[in-house]
Amino acid sequence: MNGDAIGNALFGGISQYGAILALVQNSVWAGALLGLVGGLIGVFVMQRDMAFAVHGISELSFAGAAAALLFGFDIVTGSIIGSLIAAGLIGWLGVRARDRNSIIGVLMPFGLGLGILFLSLYNGRSANRFSLLTGQIVSVQSAQLTALAVISTVVLVALLLMWRPLRFDSLDPQSAAARGVPSTWVSFGFMLLLGLVVAVAVHIIGALLVLALLVTPAAAAMRVATGPLAVPVLAAAFGVASAVGGILLAVMGTLPVSPYITTISFLIYLVCRIVGAARERQTRAL
Amino acid sequence: MTPAPSPLRISGAALRRGTRELWSGLDLELAPGELVAVLGPSGSGKTTLLRAILGLERLSEGSVTALGRRVTRPGNRRVGYIPQQRPLPRETSLRARDLVGLGVDGHRFGLPIPRRGDRARIDALLGEVGAAAFADRPVGLLSGGEQQRLRVGQALADDPKLLLCDEPLTSLDLANQQAIVSLIDRHRREKDAAVLFVTHDINPVLDSVDRILYLAGGRFTLGRPADVLDSAVLSELYGAPVYVLRAGDRLVVVGAPDAEASPHHHGEEHG
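If you read the protein sequences in the order shown, they are chains G and V.
For the first sequence, our numbering begins at 1 and goes up steadily by one.
For the second sequence, our numbering begins at 1001 and goes up steadily by one.
Each hint should be verified, as a subset may be incorrect.
[Claimed, not checked] Label-pair distances were calculated between CB atoms; the ranges are:
hint	chain 1	residue 1	chain 2	residue 2	range
1	G	275	V	1086	25 to 31 Å
2	G	49	V	1246	48 to 54 Å
3	V	1133	G	6	53 to 59 Å
[Unchecked claim] Going by beta-carbon spacing under 10 Å, a handful of chain V positions derived as facing chain G:
hint	residue
4	1054
5	1055
6	1105
7	1106
8	1111
9	1137
10	1157
[Unchecked claim] Derived list of chain G stretches under chain V, where covered just means 3 residues or more per stretch with a C-beta under 8 Å from a C-beta of chain V:
hint	stretch
11	138 to 147
12	177 to 190
13	251 to 259
Calculated directly from the structure, the hints in this document are not laboratory data.
Predicted model, so just to flag it, every value in this text is computed and none were measured.
Just so you know, even glycine gets a beta-carbon here, dropped at the ideal spot from N, CA and C.
When you get a sec, could you build the whole thing from the sequences and use the hints?
See below:
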């Protein structure tokens, strides 16, 4: 690939940018919504030390979507079924962190392998195949886009309604239980919501890359803020910026969306780390 | 004076692990403002007793009535609970006031909008436990003693008439141990609250303790410190020779078989 070709891949569509934007408008909204929900739920993923679980769920979600593709039913439904099975298993069997990690370690290759098997058996459009692993939001059909947006909204509302008990249970489960927080239900509810968000993320950014929207924004926010409002607000803002920014940059050329999203969210994290470290040095010097 | 209702009544309590009986026939009634220390080797069911009072675990036998209500459901906001000090990770995304705030609104479902008065309540609690100076600092950067003050503040959120403390002094230095004990002691005096205080070491609370519940050897002994911390009584309880020695004005318990590394319970005779 020479310079011209790279330039074309990056910025080839810039002359028709307005027209392209109009076409991908719905994708941008879906991406923004996922960025928002992903950033918020990411705060709890970090607090409950479940980044690895997110990855495990996403592989089974991928397997579910691949199965749906092969057997000809709706792939959003397929990904949700896969997600919820994984989230349920991890939540049920992995109460202790060590058990959880071993269960995820066992589930992950199984899910990925299963998904690859289904994709290999599938003879349809090949674009669909790859997109489940690495994501391609702009090629998702509009009916599915609506479904993804509805799911994200439901998760957002449910997450807000259980926000404080979930936070208490994540930070200090013993005291939370003592004060009557129903920790079994809260944990179960959280896994359910997490499963749904992961299923949405699989379609937008791809099973291999969900962590870029479900963990990185929250991790970045925690580097620079500590308040109960500041952290989730920043995490959500970082998530939206990554998702929307990634889509807007990607449609300028012909490259896929996901690398843009992952790069932006990584750069945000990098900046936050540097800012956080500098600030800490300052505090210590005082 | 009319007798106030008992903040805590345990009757006919027994705890078994498999076929092993940890204790049985335990009756304990706390008076308002009374502090009872629970002593015993690890594995003697001290923590389980506290968790049973909170409804988080079931006793093998017996019933618990806390603050006038029979314990049937898990968790109780009217009871204060101070857990062991476990250092919070450095990057915990909480400020000191947020840790206390969990006690005020952490249990509430619904949109996370603060109610009027929440902030004032949190400020008052921070002041009560001497944490106002570091109220806005991240908890991960605070010392163990400072973190434990915040846990006390969290436990006092609803002005509990019954306070359960599960080894709240573990891994604190002497000065911080005294600070935490005095916070708990002040609350019980000002609010006439009963306190059940599980501890490995009786020394830090010896000046405040009214009675001691000593769990060991599949049995228990309940009584005033002078009556429990006695060579004959503890030897009988453990079923092995145990000596309570006088060192100056302090009592040192020697020879108590304990599963844990520190086999000595230090005691001091009262009055």
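Consistency of the hints with the structure:
no. : hint                          : verdict
1   : G:275 with V:1086: 25 to 31 Å : holds, 29 Å
2   : G:49 with V:1246: 48 to 54 Å  : holds, 50 Å
3   : V:1133 with G:6: 53 to 59 Å   : holds, 58 Å
4   : 1054                          : holds, 5 Å
5   : 1055                          : holds, 9 Å
6   : 1105                          : holds, 6 Å
7   : 1106                          : holds, 3 Å
8   : 1111                          : holds, 6 Å
9   : 1137                          : holds, 9 Å
10  : 1157                          : holds, 8 Å
11  : 138 to 147                    : violated (count 0)
12  : 177 to 190                    : holds (count 6)
13  : 251 to 259                    : violated (count 0)
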